[in-house]
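Trainee: The whole structure should be built from the sequences, with the hints applied where relevant.
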Amino acid sequence: MAAIKIRALPARLVRMVEDLRRKEDRLNLLLSLVIGALVGLVVVAFILLTGRLTALMYPAGAAGWRRIVVPTAGALVTGYLLFKYFPLARGSGIPQTRAALFIHDGRISLRSAVGKFVCTAISLASGIPLGREGPAVYIGSGIASVIARRLGLSRAQIRSLIPVGGAAALAAAFNTPIAAVLFSLEEIIGDLHAPVLGSIVLASAAAWMVLHLILGDSPLFHVPEFHLVSPGELGAYVVLGIVGGLSSVAFVKILLWLRARFAKMPRASLWIQPVAGGLTVGILGFFVPQVLGVGYDQVERVLNGDVILKVVVTLAVLKILATSVAYASGNAGGVFGPSLFIGSMVGATVGSVAHLLFPAGTAGPGSYALVGMGTAFAGIIRTPLTSVIMMFEVTRDYTIIVPLIISNLIAYYISQKLQKEPIYMALARQDGLHLPTRSSRTYPEVLLVSSATREVPESLSPLMKISDAAERVKDSALESWPVADDLGLVGMVRTRHIAHALDQGRVDMTIERLMQIARRSESDNSVDLPHVHNDQPLSRALARMRDNGHNVLPVVSRANARIMLGIVTLPDILKTFGVESVDELDYRDHPDL
Amino acid sequence: MKTPLFQPAAPLPTATVSDFIATLAVILAAIVGLILFDTALAKVDAVERKTYAAREFAAGERSLTDGKIEEAIEHLRTASTLDGENTAYGVALGQAILADGRPREAEQLLLPLLERYERNGSANLALARVMAKEGRLKEAKSYYHSSIYGVWPTGENGRTAARFELIDLLARANAKEELLAELLPIQDDSTNDLAQRKRIAHLFVVAGSPARAVVIFREILRRDSKDADAFVGLAEAALSLGDFGTARTDLLAAQKLMPEDSTTLKPLMALTDSVISLDPTQNGLSLPEQVRRSRNLAQMTLTSVRKCLRMQAPQVAVALDSATLLLVSGAAVGQAQSVEQNLSLAEQLWGLQRSRCAPDHANGALALIHGRIAQ
Numbered sequence: 001m002a003a004i005k006i007r008a009l010p011a012r013l014v015r016m017v018e019d020l021r022r023k024e025d026r027l028n029l030l031l032s033l034v035i036g037a038l039v040g041l042v043v044v045a046f047i048l049l050t051g052r053l054t055a056l057m058y059p060a061g062a063a064g065w066r067r068i069v070v071p072t073a074g075a076l077v078t079g080y081l082l083f084k085y086f087p088l089a090r091g092s093g094i095p096q097t098r099a100a101l102f103i104h105d106g107r108i109s110l111r112s113a114v115g116k117f118v119c120t121a122i123s124l125a126s127g128i129p130l131g132r133e134g135p136a137v138y139i140g141s142g143i144a145s146v147i148a149r150r151l152g153l154s155r156a157q158i159r160s161l162i163p164v165g166g167a168a169a170l171a172a173a174f175n176t177p178i179a180a181v182l183f184s185l186e187e188i189i190g191d192l193h194a195p196v197l198g199s200i201v202l203a204s205a206a207a208w209m210v211l212h213l214i215l216g217d218s219p220l221f222h223v224p225e226f227h228l229v230s231p232g233e234l235g236a237y238v239v240l241g242i243v244g245g246l247s248s249v250a251f252v253k254i255l256l257w258l259r260a261r262f263a264k265m266p267r268a269s270l271w272i273q274p275v276a277g278g279l280t281v282g283i284l285g286f287f288v289p290q291v292l293g294v295g296y297d298q299v300e301r302v303l304n305g306d307v308i309l310k311v312v313v314t315l316a317v318l319k320i321l322a323t324s325v326a327y328a329s330g331n332a333g334g335v336f337g338p339s340l341f342i343g344s345m346v347g348a349t350v351g352s353v354a355h356l357l358f359p360a361g362t363a364g365p366g367s368y369a370l371v372g373m374g375t376a377f378a379g380i381i382r383t384p385l386t387s388v389i390m391m392f393e394v395t396r397d398y399t400i401i402v403p404l405i406i407s408n409l410i411a412y413y414i415s416q417k418l419q420k421e422p423i424y425m426a427l428a429r430q431d432g433l434h435l436p437t438r439s440s441r442t443y444p445e446v447l448l449v450s451s452a453t454r455e456v457p458e459s460l461s462p463l464m465k466i467s468d469a470a471e472r473v474k475d476s477a478l479e480s481w482p483v484a485d486d487l488g489l490v491g492m493v494r495t496r497h498i499a500h501a502l503d504q505g506r507v508d509m510t511i512e513r514l515m516q517i518a519r520r521s522e523s524d525n526s527v528d529l530p531h532v533h534n535d536q537p538l539s540r541a542l543a544r545m546r547d548n549g550h551n552v553l554p555v556v557s558r559a560n561a562r563i564m565l566g567i568v569t570l571p572d573i574l575k576t577f578g579v580e581s582v583d584e585l586d587y588r589d590h591p592d593l
Numbered sequence: 594m595k596t597p598l599f600q601p602a603a604p605l606p607t608a609t610v611s612d613f614i615a616t617l618a619v620i621l622a623a624i625v626g627l628i629l630f631d632t633a634l635a636k637v638d639a640v641e642r643k644t645y646a647a648r649e650f651a652a653g654e655r656s657l658t659d660g661k662i663e664e665a666i667e668h669l670r671t672a673s674t675l676d677g678e679n680t681a682y683g684v685a686l687g688q689a690i691l692a693d694g695r696p697r698e699a700e701q702l703l704l705p706l707l708e709r710y711e712r713n714g715s716a717n718l719a720l721a722r723v724m725a726k727e728g729r730l731k732e733a734k735s736y737y738h739s740s741i742y743g744v745w746p747t748g749e750n751g752r753t754a755a756r757f758e759l760i761d762l763l764a765r766a767n768a769k770e771e772l773l774a775e776l777l778p779i780q781d782d783s784t785n786d787l788a789q790r791k792r793i794a795h796l797f798v799v800a801g802s803p804a805r806a807v808v809i810f811r812e813i814l815r816r817d818s819k820d821a822d823a824f825v826g827l828a829e830a831a832l833s834l835g836d837f838g839t840a841r842t843d844l845l846a847a848q849k850l851m852p853e854d855s856t857t858l859k860p861l862m863a864l865t866d867s868v869i870s871l872d873p874t875q876n877g878l879s880l881p882e883q884v885r886r887s888r889n890l891a892q893m894t895l896t897s898v899r900k901c902l903r904m905q906a907p908q909v910a911v912a913l914d915s916a917t918l919l920l921v922s923g924a925a926v927g928q929a930q931s932v933e934q935n936l937s938l939a940e941q942l943w944g945l946q947r948s949r950c951a952p953d954h955a956n957g958a959l960a961l962i963h964g965r966i967a968q
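For the protein sequence lines, the chains are V and H, in the order given.
Quick note: the first sequence uses our numbering, first residue 1, plus one each step.
Quick note: the second sequence uses our numbering, first residue 594, plus one each step.
The set of hints was computed from the structure by calculation and includes no laboratory data.
Every residue, glycine too, gets a C-beta built ideally from N, C-alpha and C.
It cannot be assumed that every hint is accurate.
Derived contacts from chain H toward chain V, CB cut-off under 7 Å, selection only [said to hold, decoys possible]:
#	residue
1	610
2	640
3	677
4	681
5	701
Mentor: Following this line, the structure appears as structure tokens:
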């Protein structure tokens, strides 16, 4: 018995696997969970290794010279590695992920993903003030891409797994699973209605669970309760939105300008360019150590009210400068984390001033730092929905929503006005990549059924005999006719079915009976009442025609599907799209219809 | 148009089944390996962070002891950031910030800590101190209670300290009933801690329950009949009970045991002598002496009330003038009636004083005599 089982097992396994590969939904479900867990684990390893490496490079009580030497040396090492072995691992990773999705059929090589991991870990640990989130997204998407290709999936499937890996990585890197889902849709795919939503959610949840299993239920920031002292305080948040928006624009413009300057340098200098960033960071860090690294501990201190106005202003300015130089010179790391740092410092600055002017009517600067983080994110990354949800996830406090939305939208608006191209788009363009924008991927000029609807022809009665019906339709080019009784539309009958019945001599048969036979016949898999509505896109009408095999569809009222407003035909649809088939008859030339 | 009868099957991916299975197996192996690797790394990381945080905490405590509060705050903040789960760090940071004179900031820091560890005794105690500092007595009392009935993993000393801090707060606020309510549960505690027993007994006197204090002091004296503090305590209790003679006897006994002590005994003895010489209800007094003393008491009470109310409510001065007239005229028919009249007037004036004026230590003797009359 056991022997039979052992012999039978591989065959059964093969069948199971083949079955799984055939059923795309199940395979996607499984892969989303597996990719989510694996990416979550890799990102956790990335965070921990970076932390350990940082502790090694900056031991407690280390001498000040380290703050100059370590970032410079780190930039030199990563600069060489990036130049020699991992050219695609430079910078953030978000534009590269989008390029993989939209240009390279979802292909990210294992080498690039590993390179991103190694170079970013060295870069961040040495104190380069860039973020880990963008690189994590690239690593996550890379893992998804490698797995999908190894499993022999189709190009479409590989592409669909790129945002899945990205969302999982962000959920683990930033501990915000919902924001990760939104970021994936809003920024990576650029479509909030993307059909891969379910897979993205699953992967994000799996990665987040892994993060919690290993690192515990500790939020990224321990933040105090958010306070809105008075409704008048919203005015201060408007000011924060304006200042945050302007700071965001300044940051993006400085970064892009510097990057363009570095890009003009000789290609041979590519490996040494990051050193310029490392050295700048080192010199700044020597005098102001808080400039080094992503600075989340400093952010937490500010969020908890440890704010000295002079310090937060200095840090905001220096971080903008340090991050811009470090990124522009080609170090590995993203702008996601620095955005939050800059935002918190700008927020704390505005909050401190507001609290100085109106101590009784405003909350402490910590609350403003919190909102400032979201504001800068909306202004720099330009994903307003993600930023609101992300800050909500960080604080888990509903009261933050209103001031956050106000500040975010103002910053977003200012940023959009003063810096036309979002940062990731502009970075990709500097690299010669023309990625689709959100607006270029939406089609406002969608053609609706109403644009091809024609008047209702005289309907056939269900009780009408075949002979009478044949007489009625004989000169018509319509392939299907509407059948209606006193209460309205009953269905559609094909002209060829009427002709066939007539040929068979069943002249007394009623149209109703003919429709019943047609429905039962295997060749007619139509639904009871195939129809479209005036406000639906023509593509929907085409799909419905394909599904039902009718070239003519009734256009019915949404209030009552039996009230016919007109009909839409395949030639009319093609004509509306500007495709006129020579084989098709123009019905409008036949007034008898 | 050809109607498709069914959706064509998705094309099979190009990898073979064995490739597919092998890839899945590698992924699973990688997941298992990474779980082990991450868990080990996370443990190392946690240990190192905790060690570093503990070092910073110790440095912070040292700085606090040296009076370098700013420096202490820096160290404690680092400790708290590194090991946010350790409430002791957060609490110590809150206390240091409070000591630096920033109660609002300390409150903002401690509130989220309490949200996470609602029943933590030390966090509640720290916030109670913040509230007490800000003069928010109601909230302070609430946090003290949460602290007393909260969790104290480090031992019961914190709980006791919290209770005594609350008791001190209540005593300062003259909230006698609440004070008594706090003292009753601990009157039998710390039977071996003599200092604590004496403190509790003294607080019973403050809370207006001197009889309970007497029981405790007598018990102490049963153990050690030469405990001068217990005699002093007994004297205080006797004064509160209106038993001025006994109070004097107890004070004399205490004086015998510690003749060199003048700081505690002298003022108490003076007070006792004062009330004995003023008390119109003392046994064995002649009627004229009773009249004199009662008149004197009414006069002293009137002076005290006048001093307090003149500033607060000038319109009361008219009523006080008529009371003066009454005293000057000596309108009573007989001496006994005069005593009654004087005492009644003094009592009413004292009632007025208590309802309208803040307690004044200078009126200690008057308060004790009126206390006795009320008994």
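Trainee: Each hint needs a verdict: does it hold in this structure or not?
Mentor: Evaluation of the provided hints:
| no. | hint | in the structure |
| --- | --- | --- |
| 1 | 610 | holds, 5 Å |
| 2 | 640 | violated, 12 Å |
| 3 | 677 | holds, 5 Å |
| 4 | 681 | violated, 15 Å |
| 5 | 701 | holds, 5 Å |
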